[in-house]
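Student: If you read the protein sequences in the order shown, they are chains G and E. Everything in the first sequence is counted per the working numbering, starting at 1 for the first residue and increasing by one. Everything in the second sequence is counted per the working numbering, starting at 1 for the first residue and increasing by one.
In case anyone wonders, no lab produced these hints; they're calculated from the structure. We put the beta carbon where it would ideally sit given N, CA and C, even for glycine. Any given hint could turn out to be false.
[Unchecked claim] A few chain G residues facing chain E, derived, Cβ under 8 Å:
1. Pro3
2. Ala18
3. Asp20
4. Met41
5. Leu44
6. Arg51
7. Lys52
8. Leu66
[To be verified] Heads up, simulated DSSO-like pairs for lysine-lysine below, C-alpha to C-alpha not over 30 Å straight-line:
9. Lys79/G to Lys136/E
10. Lys27/G to Lys417/E
11. Lys72/E to Lys55/G
12. Lys7/G to Lys72/E
13. Lys6/E to Lys55/G
14. Lys72/E to Lys52/G
15. Lys7/G to Lys136/E
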Amino acid sequence: MAPEQIKNVILDILTDIAPDEDLTDLKDEVNFRDQLELDSMDFLDIVMELRKRYKVNVPEQDYPELASMFSTVNYLTPKMVDCVAS
Amino acid sequence: MISYPKPDELPDSQRVVITGIGLTSPNGNTLGEFRESLLNGKSGVEDYEIRYFGKTIAGVCDFDVRKYQTRKDARRGTRAGSVGCYCVHEAINDSGIDWENTDRSRVGVYVGVTEHGNVETESEIHEIRGFDYDVKVWSHHHNPRTVANNPAGEVALNLGITGPHYTIGAACAAGNAGLIQGLQMLRLNECDLAIAGGVSESIHTFGIFAGFASQGALATHDDPTKASRPFDKNRNGIVVSEGGCLYTLERLSDAKARSAKIYGEIVGYAINTDATDFVLPNPERQSQCMNMALSRAHINAEDVDIVSTHATGTGMGDALECDAVRRVFGASEKTYVNNAKSFIGHTMGAAGALELAGNLVAFEDRVVHPTINVDDLDPECELPGLVKNEPREIEKIDYILNNSFGMLGINSATVIKRM
């Protein structure tokens, strides 16, 4: 899966877990928490959805990698290279 | 035993009144809609389907979840939580309380539930089934959704209430039990405003349908609106329903100070236990419960104008409750008897609170709503004051006794007086 596709996956997950938020102007370099009302349970939702949808495992020590869209896509690109976009 | 003084001899600070009502029922999302349905024979029971169990019938609520919850909060929480959030806002709005200036640390939330957690547990097991039962996909939301205080906690979270909150697990007596808990906490000065009543999300668990079906106690009928038929010869079981009803309870002194509208005063209550069977009721204990509530209210059976029965439409349950009601009210010519489950099915944890609300309006309009679907009255359910199929207008209504019973032999009765 290419980085742009991974970004769409994350946007899709965010749409589910933060349904009241407008994601159209989400900035890639800015931390999610500075732009969206997300708490630790929401980040666990991202981890869970990646596991359910793509069998991608994000170990706890790597959670800080999910801070922004940029860091998340960077982190996931090697892990999701063999994943197929649904 | 603590003696119960006459309610009107208590100081106003020990008298507890109902000042607001918020509800959702399968046949109405406001007290006005609910009451209109009860007076016009409008059922809220419909065809329903749920995974594993398949096609059945149920009472389904259609309140607007988004009215008082964000999408995210509704997604993160439970259906019972959403029912509670809807009801509490409606109740506070109805009460006229100046919520912005209310000390949230002095508000208590007491929500009756029949069961809680089954919906989420079933959903999670269903979900992991798709992953070969890999528990690594078991949701981290499971525990906060299934803790027993969840519905009350969601209400508190939604409104920033920092006083005590908890649920009262009391099977199908829970609606009354929530009210009683609220009253007691006001009397103990644990809070200044009690949010009290009951909620149910039970139609979202297949287990409750399957359990009643296995027990031979789940209602079936070609016409869903005819399925819930307490006291009728052809009744064949319970219609499972969802719903909720929360009240604002205040001390009479506080209600008077803000010139609040008062629906009625809780002047008597009782909870006791059969201690005879897991499921089958005991009319002797039920009648003792009603008598205890009357005694605490310092009134006699003939003072009661309406008895709102618990009857769920099961063969034994209805007949045994009628036996109990006959023991207490058999000689009272002016007591009328009705049943709201015939309209909405059994709203479980909400039933006691919801069914009382449907009758409280009678203090104003002096109409006793009927029990519907009594096409062929079972002689075992013959009660002199039973109001069948059509509402009945009477001269005045001063007292309502509200029955609510549950499995494991829990019985409850509340007595409400017109102010």
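Student: Would you mind marking each hint as holding or not holding in the structure?
Tutor: Status of each hint after checking the structure:
no., hint, verdict
1, Pro3, "violated (26 Å)"
2, Ala18, "holds (6 Å)"
3, Asp20, "holds (5 Å)"
4, Met41, "holds (6 Å)"
5, Leu44, "holds (5 Å)"
6, Arg51, "holds (6 Å)"
7, Lys52, "holds (5 Å)"
8, Leu66, "violated (15 Å)"
9, Lys79/G to Lys136/E, "holds (18 Å)"
10, Lys27/G to Lys417/E, "violated (61 Å)"
11, Lys72/E to Lys55/G, "holds (25 Å)"
12, Lys7/G to Lys72/E, "holds (21 Å)"
13, Lys6/E to Lys55/G, "violated (67 Å)"
14, Lys72/E to Lys52/G, "holds (20 Å)"
15, Lys7/G to Lys136/E, "holds (24 Å)"
Going through the hint list in order, the structure does not satisfy hints 1, 8, 10, 13.
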